[in-house]
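Number of protein chains: 2
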Amino acid sequence: MSLQRRKEPVIYVVEPFGGSVRRHMPNLPLVYWDDAAVTRGDGIFESLLVRDGKAANLPRHAERFRHSAQALNLPEPPMHKWEEATALAIADFYGPAGAGDTAESPLEAKCTWTYTRGRASTGVPTAWVAVQEISDDVVAQRAKGVKVMSTPRLWQVAEELPAKTLNYAATMATLRLARERGFDDVIFTDPDTGQVLEGATSTVVAVKGTKLRTPAGKGILPGTTQAALFEYASEQGYRCKAKELNLSYLEEADSVWLVSSVRTAVRVTRLDDKKLKAPANAEEIRALIDAALAR
Amino acid sequence: MSLQRRKEPVIYVVEPFGGSVRRHMPNLPLVYWDDAAVTRGDGIFESLLVRDGKAANLPRHAERFRHSAQALNLPEPPMHKWEEATALAIADFYGPAGAGDTAESPLEAKCTWTYTRGRASTGVPTAWVAVQEISDDVVAQRAKGVKVMSTPRLWQVAEELPAKTLNYAATMATLRLARERGFDDVIFTDPDTGQVLEGATSTVVAVKGTKLRTPAGKGILPGTTQAALFEYASEQGYRCKAKELNLSYLEEADSVWLVSSVRTAVRVTRLDDKKLKAPANAEEIRALIDAALAR
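Chains X and G, in that order, are what the protein sequence lines are. For the first sequence, counting from 1, position 168 maps to 168 in the working numbering; every step adds exactly one. For the second sequence, counting from 1, position 157 maps to 157 in the working numbering; every step adds exactly one.
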């Protein structure tokens, strides 16, 4: 890790109906007390990886974002404005000289789009783009992998609302429990069938030889990074498929990964009380994801 | 309804660990971009009715609030500070002379407590009290009752997180759907058993003679107003019980009510395609709730 000073986050507010974008100081409050995000968690988001000075996998994020907005009956987001704000925020974050960027270790960043139903008193949605440093935890987990607790998901994602909403209180509570028990992350299973669903904020991918598998089933948010990986890996000769998977399948795989936009791919090194062996081809898998995100 | 000008909301920020409380202008942003309420819906709330210049049913709300905080592993809220902020906000809202209050129609208000995990960058919880006018919709529904759509709840409330969290995106989506179909509100049922669960933001109470019934079962948030009603009504000779109820029970009851703190009691005038007859004792039920809240 580099020793440079941490960079300030950059925020750009987006006019929800496509007007101007404007910079907002991150050390000033942004959201009003009566915003639906605050009173009801009534909003959506996307997290994107900024790599090589641009938002990776942007079209898939834009597509899911539009889809989430539609599911929540929010006005259709003007994506060209979101992309403009994203580009401006990234440019401001890096500064004119790409300061902090070195050839060996280009500084990555995390970009978040947030779009809420807005204030009760105005009815106008609230929307902003944030670009910030990637946390040390994320960097460490990429290198070291994660110990994962499996747990039945005792709530269901609403089938009629397949959106990436702000409603993560129960997920966060489960993550806190896992951390108290010495784990880094969680894989949810279906309480009725025991089938694997997804990570807390990631898609599960299992590798067996040249087969890549991700769980199929209800209540799984489609993963943008997993989609990019499967598309690219298929072209490289891997056989990629979404299929019902149980925990035994994960235990017997060559390797198991939690795949998400900012953390990219972290290997599961332990699943409950079972150590998962390090595969010979970990770097190959990682390189696949990097290549998939670079397109 | 009165013709007086609408009053400005009053906000008091509460120091989460029990320091000072301070007034915040409602027309200025309050919450930072990286607050867990905004990024994850990671927080809790209570809505209270302000009647006769004080927060009704306060001890039950305080108890549920503390319980919700515990379920989310938030630091225990210093309730005396929340009560202090509530009293200050109510006093400011009414002003020195109780302006706007008339003997025939004392101005009621809605008080909301919000308590979030706070900013990612500071780790300090965010907490505030808001007092505002009750919306015209609520006033109208008290008088006219509500048309209710029943619908299976296709998500479960996390059994391990029996807290009043900010995660209402799916509930709000269902309410929007109901309104598109000409209904005012929703009663959720268990998708497996068909048993009645609760309203979108209220507790269901059915009256048959001197029997008051509220649904028992998993995934029902304990209602503070229903609890106050049952305690008081029991003393008045009603037989009050939580029991499994199906939709037929509601259709055959003398009257069905959605009970919640600010709306108090609104009668269900239609359940799906069935008109529910007006009972002879509607005013009696309403008076019971008013008396229960006045203690």
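Be a bit skeptical, because a hint or two may be false.
Because identical chains cannot be distinguished in the list, a pair is counted as satisfied if it fits within a single copy or across any two copies.
In silico DMTMM-like cross-links for lysine to aspartate or glutamate, where the CA-CA straight-line distance does not exceed 20 Å [stated by the list, open to error]:
id: 1; residue 1: 81; residue 2: 273
id: 2; residue 1: 241; residue 2: 136
id: 3; residue 1: 7; residue 2: 34
id: 4; residue 1: 208; residue 2: 284
id: 5; residue 1: 218; residue 2: 190
id: 6; residue 1: 110; residue 2: 272
id: 7; residue 1: 275; residue 2: 84
id: 8; residue 1: 110; residue 2: 34
Think of the hints as simulated: they come from the structure by calculation, not from any bench.
Consistency of the hints with the structure:
| no. | hint | in the structure |
| --- | --- | --- |
| 1 | 81 x 273 | neither (47 Å within a copy, 45 Å between copies) |
| 2 | 241 x 136 | neither (32 Å within a copy, 53 Å between copies) |
| 3 | 7 x 34 | between (30 Å within a copy, 15 Å between copies) |
| 4 | 208 x 284 | within (13 Å within a copy, 69 Å between copies) |
| 5 | 218 x 190 | both (9 Å within a copy, 18 Å between copies) |
| 6 | 110 x 272 | neither (29 Å within a copy, 47 Å between copies) |
| 7 | 275 x 84 | neither (45 Å within a copy, 53 Å between copies) |
| 8 | 110 x 34 | between (27 Å within a copy, 13 Å between copies) |
In summary, the numbered hints that this structure violates are 1, 2, 6 and 7.
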